[in-house]
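These protein sequence lines are chains D and S, in that order.
In the working numbering, each residue carries its 1-based index in the first sequence increased by 1233.
In the working numbering, each residue carries its 1-based index in the second sequence increased by 24.
Where hints are given, some of them may not hold.
Heads up, incomplete: computed chain D residues facing chain S, CB under 8 Å, no partners named [to be verified]: (1) Phe1270; (2) Pro1274; (3) Leu1283; (4) Ala1287; (5) Thr1335; (6) Val1350; (7) Glu1423.
Here are some of the chain S residues that sit facing chain D, going by a computed Cβ distance under 8 Å [what the hints assert, rightly or not]: (8) Ile47; (9) Leu51; (10) Phe64; (11) Pro140; (12) Phe141; (13) Pro144; (14) Leu245; (15) Ala249; (16) Ser284.
Just so you know, the hints here were simulated from the structure itself, not pulled from any lab data.
Model, not experiment: these values are computed from the prediction.
By construction, the Cβ of each residue, glycine as well, lies at the ideal position given by its N, Cα and C atoms.
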Amino acid sequence: MKQLGSLGKTSGKVGGLRKDMSNLLPLLPFFIFTIGFELVPIVLVAASSLRSPAGGLTLQNYQHATVPLLARSFGNSIRLSITTAFLGVLLGSLIGYAIHSTRAGFFARATIALADVATNFGGAPLAFAFIITLGSTGVVTLVLAQYFGVSLYPTFRIYSITGLVLAYLYFQIPLMVLLIQPSLHGLKREWKEAAINLGASNLQYFRRIVLPILAPSLIGGFLLLFANSFGAYATAWTLTGPDINLVTVQIAALVRGEVQLEPGTADAMAMLSLIIMAVCVAGYQWTNARAGRWRR
Amino acid sequence: MDECTRGKVAAMKAGQIWRGLLISFFLLYLLVPLLATVAFSFAVRWDRTILPEGLTLEWWMTVIGRREFASALQHTLVVSLSAMVLSIVLVTPTAYWVHLRAPRAKTWVELMTILPFGIPGVVLALALIRTYARFGGRLVYSPGMLVMACVVIGLPFVYRPIANSLNAVDVRTLTEAAQTLGASWFSILRRVIMPNIMPGIISGGLLVFSLVFVEFTLANLLVGARYKTFPIYLVEFTRFDGRQASALAVMSFVIAWLTSLGLIWVAGRAGGNREEAIGAR
């Protein structure tokens, strides 16, 4: 209302309001759609997560969402997300730096283009590609066994949480490679020369100049990769089915009605994951704005 | 060459070797699973030996010949194309209007387009079911609802390129010129603005199309076996026939590749157009 009122000063309050309303009219379809299919559904889940079967306000659903089985699913999802986000940021920024500093321009561009495609691979086809590659009769499994005498199985299984980490890294590392590029372009050559002229060692240059400049991108990248992994379902479902207890796997089972629980439990789990995701995405937006300061 | 330079050269060499190793590892990691899947889909048998035992087109022929394959492909195309068209129709006028006439609503529009990033597919499906199940299962567990859900998750991908394209052209001057010539809002948008922001519209559309083409979570939870889409069909196959599943997986990869090529092509052409436009001015 504040917005509408402030416009009123040109042509009188009522006329201004009407003018402003008609100015917002073309936005109506967009807001009807997003309110109907984004906001209202989320608000209804939030409301239903706080409602007891009898209709009163309660936190009971959240208690049900933290029974050992479901609490473990949060533990597993968070651990999987931290692992793949950490490894993704570490390897992705190192590889991103290597690509950035290579002198072969065409080669660097081709690698970036490949990374771009790889971030969009995911879900069922990716999981299946990993089964073919690292399954018990996968091609890499065979090569390792016949040429290097290393037998992966039965110590390693692709249908495990380690397998999930490997599959998730397939889209996490390229995503970080892409995310770090703008910040690397922002690192100016003169800064390195200035630091070296002032007597800094390479390590000092890295710790005192490179790291602080890249820090927002690294933290933001971690948050985005965390969210990317936390919300993923298709890859995990294709690779490990119901074997690995993850939040998304549990919610999907509740939605399909495979598990007989009170409906409020699914809503409470959904709300908890939305809160985790919201913190990550908001944190990413914030660090992204900070990282932008160094880019020209 | 004195000690110091020799040390520097050695350090540079070491740096190059590290760089080479890292990039090679990266390329192997990205390419081996893809190439293995492609090879597997053409291999007669490939579970005992390093190289496939002979090549065959049998798996591809079998999988393509199935009636279910045609219907799954058709379902996926219907959903992806509808989601693509709907998101363009929804977002283009909105982005244009907030750019030109309602800049203060921009924050809200952008918030609504970023929000889906934070909603996991399973949560979106659950929320839509909670909201619309009361109007009957035929409404909520329908291809139409799947399209709506896909438009939601596509919003971030379609809004950005269109907004960027709008920033790159002089929307105000174009609009005023068209208004002076007596054009209606619809024809301004259709005949003046849209041709100028075509690269953004095509990029956004391609992104939504490729995203929806492989969308498994929403399809599985909202329509499932009632309206089998390509990804659902693929996941079913991974459970009982690896050969044919690999052919299906390769098709998904090809779609993703083609989309990326399309995006690069559009970006290249957009660059060319912009230069021409500047040259003409």
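Results of checking the hints against the structure:
{"no.": "1", "hint": "Phe1270", "in the structure": "holds, 5 Å"}
{"no.": "2", "hint": "Pro1274", "in the structure": "holds, 3 Å"}
{"no.": "3", "hint": "Leu1283", "in the structure": "violated, 13 Å"}
{"no.": "4", "hint": "Ala1287", "in the structure": "violated, 18 Å"}
{"no.": "5", "hint": "Thr1335", "in the structure": "holds, 6 Å"}
{"no.": "6", "hint": "Val1350", "in the structure": "holds, 5 Å"}
{"no.": "7", "hint": "Glu1423", "in the structure": "violated, 19 Å"}
{"no.": "8", "hint": "Ile47", "in the structure": "holds, 5 Å"}
{"no.": "9", "hint": "Leu51", "in the structure": "holds, 7 Å"}
{"no.": "10", "hint": "Phe64", "in the structure": "holds, 5 Å"}
{"no.": "11", "hint": "Pro140", "in the structure": "holds, 7 Å"}
{"no.": "12", "hint": "Phe141", "in the structure": "holds, 5 Å"}
{"no.": "13", "hint": "Pro144", "in the structure": "holds, 3 Å"}
{"no.": "14", "hint": "Leu245", "in the structure": "holds, 5 Å"}
{"no.": "15", "hint": "Ala249", "in the structure": "violated, 11 Å"}
{"no.": "16", "hint": "Ser284", "in the structure": "holds, 5 Å"}
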